[in-house]
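Given chain C, work out where chain R should sit, using these hints.
There are 2 protein chains.
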Amino acid sequence: MSSGFFTSRWVPRPGHVHETEGGLARGFRAAGVASGVKADGVKDLGLLVCDADDAVSAARFTRSGVLAAPVVVTKERTDLANLRAVVANSGNANAATGAQGVEDAAATQQAASRVVGVDATQVALGSTGVIGVPLQLDRVLGGLETAHGELRTDGDGDFADAIRTTDRFAKRASLLVELPSGDVRLSAQCKGAGMIQPNFATMLCFVQTDALLDADTANLLLGVTVKRSFDRISVDGQLSTNDTVVLMASGASGVRVEPESEDELKLGEALDALLRQLALQIVADGEGSKRIGRVVVHGEDPEAVERVARTVANSPLVKTALHGGDPNWGRIAQAVGAALLDTAPLPFDIAIEGVTVLADGAGLRFDEAALNAAVGGSEVEYVIALPGEGAETEVFFSDLGHEYVTINADYTT
Amino acid sequence: MSSGFFTSRWVPRPGHVHETEGGLARGFRAAGVASGVKADGVKDLGLLVCDADDAVSAARFTRSGVLAAPVVVTKERTDLANLRAVVANSGNANAATGAQGVEDAAATQQAASRVVGVDATQVALGSTGVIGVPLQLDRVLGGLETAHGELRTDGDGDFADAIRTTDRFAKRASLLVELPSGDVRLSAQCKGAGMIQPNFATMLCFVQTDALLDADTANLLLGVTVKRSFDRISVDGQLSTNDTVVLMASGASGVRVEPESEDELKLGEALDALLRQLALQIVADGEGSKRIGRVVVHGEDPEAVERVARTVANSPLVKTALHGGDPNWGRIAQAVGAALLDTAPLPFDIAIEGVTVLADGAGLRFDEAALNAAVGGSEVEYVIALPGEGAETEVFFSDLGHEYVTINADYTT
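Residue numbers (UniProt numbering), protein chains in the order written: chain C, 1 to 413; chain R, 1 to 413.
Chain C extracted, bound-state conformation:
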């Protein structure tokens, strides 16, 4: 029994969601092989296939102004509502590779179409790794053939391994979800750990379900849950050229999830918990990360609330204090002030782990020993109350320690 996926106090396991022993949702097969793009025979190429002709899907991508070739090809040359296969590689991001990079991505897509026996418009691509280096297309195509021969219903572990880069641990889950109309499965494979040494950060996540959905429902559920998970985390405030999330539904369970039904609500809750916990795993795997912070901000203006949360989460001062287990509220106050220019005097409150340390903009006396102990755990929560009501948001963030600097500064190119 694989236990302990829902490890964060911020993501309680919903009662109708149960961890299983692994394996993909029904109707899916996957494999992960060593194509030779990475040295030392490490797995670096994953293939995921949905065997249902009437599969539906949905996807989300990075909003970066600099898009990697696999993102361009997937966005522009597929039917995102009808994907049947995913080819994902690590070791080369195929980013900033110009027209050649797009050609190589398109060739990968075409090859997968032939190998798997689906239309090219049904093949999504994902890449992560070094940038600015041409993709070793022959190796990827060779690996694709090999992977096709190794597709298995329990190939999710190999697939997840093949998309890892600096990830210290594999990020995947296999869940059983009890819906009013019957049981369905959710499986997911994810990678992300801040920046990929020595280049880009990338977050990839592939989710499968055997629920029977229409494409609009898949798109709605993915959109809402991505906004509450991968959109709410920050390792170091950077944005990858390659971020990709794909949800595919095989329908193989026969359990139909109608729009606006109780089934949809319960499936959405399960997907929400799944993606939030995966997102927290990415934060926890932030390079050199020791602690996760959660900043909750409420106030009147949604835009201001969002800016404050992001500024606090990305402040190197707040992040080093989190790393050091230091309840340094002055740094949080500084970040709030920097986020809200020309608004002084600003009567706001800060609470750390439930202890109010600043009220109406002025510091309070508090039990320092108790607070010091409270911020020494693996998760630290900051609540910032700006004036007014009606808007609230949260951002999860990693700390900043020596290992981040070591990983990102102390290597030789």
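No lab work stands behind these hints, which were simulated from the structure alone. You may find that some hints are simply not true.
No copy labels: a pair is met if it fits in one copy or bridges any two.
Unchecked claim - DMTMM-like mimics (lysine to aspartate or glutamate), calculated; alpha carbons at most 20 angstroms apart, straight line:
#1 Lys227 to Asp342
#2 Lys266 to Glu145
#3 Lys75 to Glu103
#4 Lys290 to Glu403
#5 Lys75 to Asp216
#6 Lys75 to Asp342
#7 Lys290 to Glu381
#8 Lys38 to Asp119
Chain R only, in chain C's frame:
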């Protein structure tokens, strides 16, 4: 002969500007004493006085939504065009101290008014140090009396020492400026080194001249030159609650600088070079800093150009690469994409130390050994060309290394 103030290739010494042996511009006296706010008898209280009845002045402050008490009092209870004295302390920022903090700042201002013999509205305040801790008012007031007794025309060194916190080196200059109408002097004392351990970053800068100006000219010159200096630097993207810049003009040289005259232009050039070099000293003194980066961005839209420059300058990936002496253009491309969401495809160029590494969004081949050597120096320049023309900006930034983490995470509160 104090030499070597203009050390950066980015701030050449103007031909009509000469370093002098130190000392304040005529008409000014200063002192720096140990008031006891800091332990160990370290200087922590500076007093600066202008002896000319008709002095003029101008000031600029942090735009943070969280303003320290000395900033509030200086902004709201002085005539910024007619300042005659500055009281500046280190060791306590008097920030986030609520109504008591404002009362303490006002009491300091009143005391200085009595001691120096000027109106309270002519006394500016500056503080830097720990936040959220009540100011030890009795020590500050005692120090003020002592400092008054030690005022000297060459007290600028002591004054500069009194406002240092984590600064590794004193930041000050004494310049002779040849204007068409005669010689004038400029002197300046500055502090700033990224974050003040363990709390706020603060930049304080006090500039004196004996040129004979009207207040509007002083305000114009300070506004333009602050925009090109302290507004263009980033140690770690943070914004202090206490940042303050004050320019005072005694007129003691008798050299009148008329609006829109050649004298005004030449004085402006001198002030510009002075503040830019001081700003670069702050960046160079960034906590643990080994190298200064300069990112120049040009394109069509001023707002986009500014956002790209700030995003690159504050990217922890770019900053760690700078620290490691690594020409990692992929990280710069990542930052550009993150700054300009939803703009792909974005045909832009990146040059590092004059070597174009990315053109039209695709990586180029270049001489890696030569570029590796070029980015190993003390100053590294990045030029980013976005599509279009007409807008250009620059940001100077420090690198991110282990010492930053050590200073900001590894201490005990």
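Up to 20 angstroms CA-CA - aspartate 216 versus lysine 75, copy category: within (17 angstroms within a copy, 56 angstroms between copies)
How do lysine 290 and glutamate 381 come out at 20 angstroms by Cα distance, when the copy is not named: within, between, both, or neither? Classified as within; 14 angstroms inside a copy, 34 angstroms across copies.
Give the relationship of lysine 75 and glutamate 103 under a CA distance limit of 20 angstroms: within one copy only, between copies only, both, or neither. within (14 angstroms within a copy, 60 angstroms between copies)
I want to check one pair: lysine 38 and aspartate 119. Are their C-alpha atoms no more than 20 angstroms apart within a copy, between two copies, both, or neither? Neither way: lysine 38 and aspartate 119 sit 28 angstroms apart in one copy and 73 angstroms across, limit 20 angstroms.
Between lysine 266 and glutamate 145, at a C-alpha cutoff of 20 angstroms, which is it: within one copy, between copies, both, or neither? neither (38 angstroms within a copy, 72 angstroms between copies)
My question is about lysine 290 and glutamate 403: at a cut-off of 20 angstroms on alpha-carbon distance, are they close within one copy, between copies, both, or neither? both (10 angstroms within a copy, 18 angstroms between copies)
20 angstroms Cα cut-off: does lysine 227 pair with aspartate 342 within a copy, between copies, both or neither? between (30 angstroms within a copy, 17 angstroms between copies)
Measure nothing new, just compare the shortest in-copy and cross-copy C-alpha distances for lysine 75 and aspartate 342 to 20 angstroms and report within, between, both or neither. between (41 angstroms within a copy, 13 angstroms between copies)
Checked against the numbered hints listed earlier, the structure breaks hints 2, 8; every other hint is satisfied.
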